[in-house]
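Trainee: Once you have looked at the hints, place chains B and C on chain A.
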Amino acid sequence: MYLSFSTIIEILGTVAFTVSGAFSAMQKKLDAFGVLIIGFVTAIGGGTLRDVLIGNTPVSWLRDITVPMIILVTTIITIGFKKHVDNLKITLLVFDALGVGLFTIIGIQKGLAIDLNPAICIALGTITGCFGGVLRDMLLNYIPVLFHKELYAIPCITGGICYIYLRRVADQQIAESVSVVVISTFRILSVRFNWRLPRV
Amino acid sequence: MYLSFSTIIEILGTVAFTVSGAFSAMQKKLDAFGVLIIGFVTAIGGGTLRDVLIGNTPVSWLRDITVPMIILVTTIITIGFKKHVDNLKITLLVFDALGVGLFTIIGIQKGLAIDLNPAICIALGTITGCFGGVLRDMLLNYIPVLFHKELYAIPCITGGICYIYLRRVADQQIAESVSVVVISTFRILSVRFNWRLPRV
Amino acid sequence: MYLSFSTIIEILGTVAFTVSGAFSAMQKKLDAFGVLIIGFVTAIGGGTLRDVLIGNTPVSWLRDITVPMIILVTTIITIGFKKHVDNLKITLLVFDALGVGLFTIIGIQKGLAIDLNPAICIALGTITGCFGGVLRDMLLNYIPVLFHKELYAIPCITGGICYIYLRRVADQQIAESVSVVVISTFRILSVRFNWRLPRV
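Chains as they are written, first to last, in our numbering: chain A, 36 to 235; chain B, 36 to 235; chain C, 36 to 235.
Next up, chain A with everything else stripped away, as it sits in the complex (with noise of 0.2 Å):
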């Protein structure tokens, strides 16, 4: 039961992720293969740069064809749907606050189970929740907007420390749900109302 709602959290994560850099992919106007890459690294960038960090090697997507044939049909749906792109924008924010938020509490589950410090955990979780997204921008010439533009990092920095208060407290589905939601809202509601930090 645990195991299913956890593949369910990834299977779910990774479609949004991928969803999201093959549509960054194809406002650049790269190729299929192109498209394919980017949404590959976008869908599993934060988590391999995690696994590499921590030694979990060969990294995860490499031992399971899953979740790659999940991204190379993710983004052959991707291309098909392009043309409603702009009745999808909501629809691609909540599926990339979710992607975000799950992935999170997946590295931070990655890191305890190392037992590494809760706040290095929370920042393993927040580089497998974000990172895909800078791999995405640095492969696309872009400064990262993690960076200057986008609330991504405070939303799931908060949410991990929801994550790590409420396992001690509340039983691992409630702890993993409310702290995926925490991350989600948090993140669309920056995007809603356009939050920023301040630069210095």
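Keep in mind that a hint or two might mislead.
If you want the footprint, here are the derived chain A segments under chain B, 3+ residues with CB under 8 Å [stated by the list, open to error]:
1) 62-76
2) 79-92
3) 98-109
4) 165-176
It is worth saying that the hints were derived from the structure and are not from the lab. In this text, a Cβ means the ideal position worked out from N, Cα and C, and glycines have one as well.
Mentor: Relative to chain A, chains B and C alone:
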């Protein structure tokens, strides 16, 4: 005998990629150290990324000084020969195509050696063959040509499928050689006739 | 005693690199989180890349929260002091030069500890000393200054050769200190007199 064949593969590929990286760096007017590093990253970037992803560390160029020495000597020779670059365009293309083919097959073999799924092995081979060029372009502040301009990955995937099939039905050296020839030829034809993937 | 000397080395280097990264990020008008991440990547990027390449995982800043805490505090102080930046140019240069020197020697020591070839160890040291800056420039969407503008690597290689020699004939702390001074002095002189490598 087999070992030495594999070694020759690696040396040829390393020289080819170093030359192509060094020329890209010289076009951007980097200094001698920059040219060396870009040549180095182009030559070992794909294999290093593969080694890091599968956990094959210390990565191979750290354990054997032969490859770094070949890259150093090749860079010095390339800088010396740069005036003749216009006469070497065809040679460079053949070098590059051969390098892509050779590294792809080496990458697939490393994946098979740790029992990864054959489709994942082809992805690993494509990373080995192509991502030195991606890192080169990232360092030189381009959107990687792999994603929008040049047909590198499709030849790798095609040759990779050949190799996965041929190694089951033919001699190992024949399987390797045929697959490298398939990738190199496909790559050269794609440049000659300016084949591209459609933008989406 | 030796441990504490080595620890002081690491703290000083970390502060120096964080400051230089944070200032680069502020010049690009990033937000507070972006400044923190660029400071962080500049400080730990070289060492992290080295740890990943040699398979020393979880990488060191995941295992000990001291370094991330130093970076966080340094970034906050740097943001607070940013109005005084014009008065700090010389201090920043000395910090940066010291950081490059210190990290290079630490990197060489990590390579020697796993019996890598001394020439490879010097390359590892140079990566440790210089590639935080390369990652910083990649994230800020520049061609790394290391490759065309500033003389970082030659001082590292020179000091690295000193260290490899001195550690065989002199006390460990003397070998370390002299090599760090060689690298830092060479770096400062190269800025003061605008030394550059020829473009090719």
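Trainee: Hint by hint, note whether the structure agrees.
Mentor: So, going through the hints one by one against the coordinates:
no.: 1; hint: 62-76; verdict: holds (count 10)
no.: 2; hint: 79-92; verdict: holds (count 4)
no.: 3; hint: 98-109; verdict: holds (count 3)
no.: 4; hint: 165-176; verdict: holds (count 4)
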